[in-house]
Amino acid sequence: MNSPTLDVRFFKTDAGIEPVRYWLKELSAIDRKTIGEDIKTVQFGWPLGMPLVRKMEKDL
Numbered sequence: 000m001n002s003p004t005l006d007v008r009f010f011k012t013d014a015g016i017e018p019v020r021y022w023l024k025e026l027s028a029i030d031r032k033t034i035g036e037d038i039k040t041v042q043f044g045w046p047l048g049m050p051l052v053r054k055m056e057k058d059l
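Going by numbering that gives the first Met the number 0, the first residue of the sequence shown is number 0, and it counts up by one from there.
Check the hints yourself; a few may be wrong.
[Said to hold, decoys possible] In silico SDA-like cross-links for lysine to any residue, where the CA-CA straight-line distance does not exceed 20 Å:
#, residue 1, residue 2
1, Lys32, Asp6
2, Lys54, Thr40
3, Lys39, Ala28
4, Lys24, Phe10
5, Lys39, Asp6
6, Lys24, Arg8
7, Lys54, Asp37
8, Lys32, Gln42
9, Lys24, Gly35
10, Lys54, Arg8
11, Lys39, Trp22
12, Lys11, Lys24
13, Lys24, Val7
14, Lys54, Val19
15, Lys32, Phe43
16, Lys39, Ile29
What the hints contain is simulated information worked out from the structure, not anything from laboratory work.
Given the sequences, and given the hints that come with them, work out the whole structure.
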């Protein structure tokens, strides 16, 4: 398998808490799998555009 184009990291608060990771753990297994597959698509398929991904803000 090829190396990922993007490095995926979860947001971490100053206290070291990763709210997205906690949120993902609360989801059903099928929902976690779906989101994981979407992250992998972006990670290995970058650059991508609409309808799969779009910028949240101009400089983000």
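To see whether the hints hold, each was checked on the structure:
1. Proposed proximity of Lys32 and Asp6 is supported: the alpha carbons are some 19 Å apart, at most 20 Å.
2. Under the criterion of a C-alpha separation no larger than 20 Å, the hint pairing Lys54 with Thr40 is consistent with the structure, at around 16 Å.
3. Between Lys39 and Ala28 the alpha-carbon distance is near 16 Å, which keeps this suggested pair within the 20 Å criterion.
4. The suggested pairing of Lys24 with Phe10 holds, with an alpha-carbon distance near 15 Å, which does not exceed 20 Å.
5. The hinted pair formed by Lys39 and Asp6 meets the criterion: a straight-line CA distance of about 10 Å does not exceed 20 Å.
6. For the given pair, Lys24 sits about 16 Å from Arg8 by alpha-carbon distance, which is consistent with the 20 Å threshold.
7. With a C-alpha separation of about 16 Å, the suggested pair Lys54 and Asp37 falls inside the 20 Å cut-off, and the hint holds.
8. Restraint check for Lys32 and Gln42: satisfied, since their Cα atoms lie roughly 15 Å apart, inside the 20 Å limit.
9. Restraint check: the Cα-Cα separation between Lys24 and Gly35 comes to about 12 Å, which is no more than 20 Å; the hinted pair holds.
10. Annotation: proposed proximity of Lys54 to Arg8 holds, straight-line Cα distance about 17 Å (limit 20 Å).
11. Note on Lys39 and Trp22: the hinted pairing holds, with a Cα-Cα distance of about 18 Å set against a maximum of 20 Å.
12. Proximity of Lys11 to Lys24 is assessed by CA-CA distance (about 15 Å); at most 20 Å being required, the pair is judged to hold.
13. Distance restraint check for Lys24 and Val7: the Cα-Cα separation of roughly 17 Å lies within the 20 Å cut-off, and the hinted pair is therefore satisfied.
14. With a CA separation close to 19 Å, the supplied pair Lys54 and Val19 stays within the 20 Å bound.
15. Taken as a hint, the Lys32 and Phe43 pair is honoured in the structure, with Cα atoms around 16 Å apart against an allowance of 20 Å.
16. A distance of roughly 15 Å separates the Cα atoms of Lys39 and Ile29; the hinted pair therefore holds under the 20 Å criterion.
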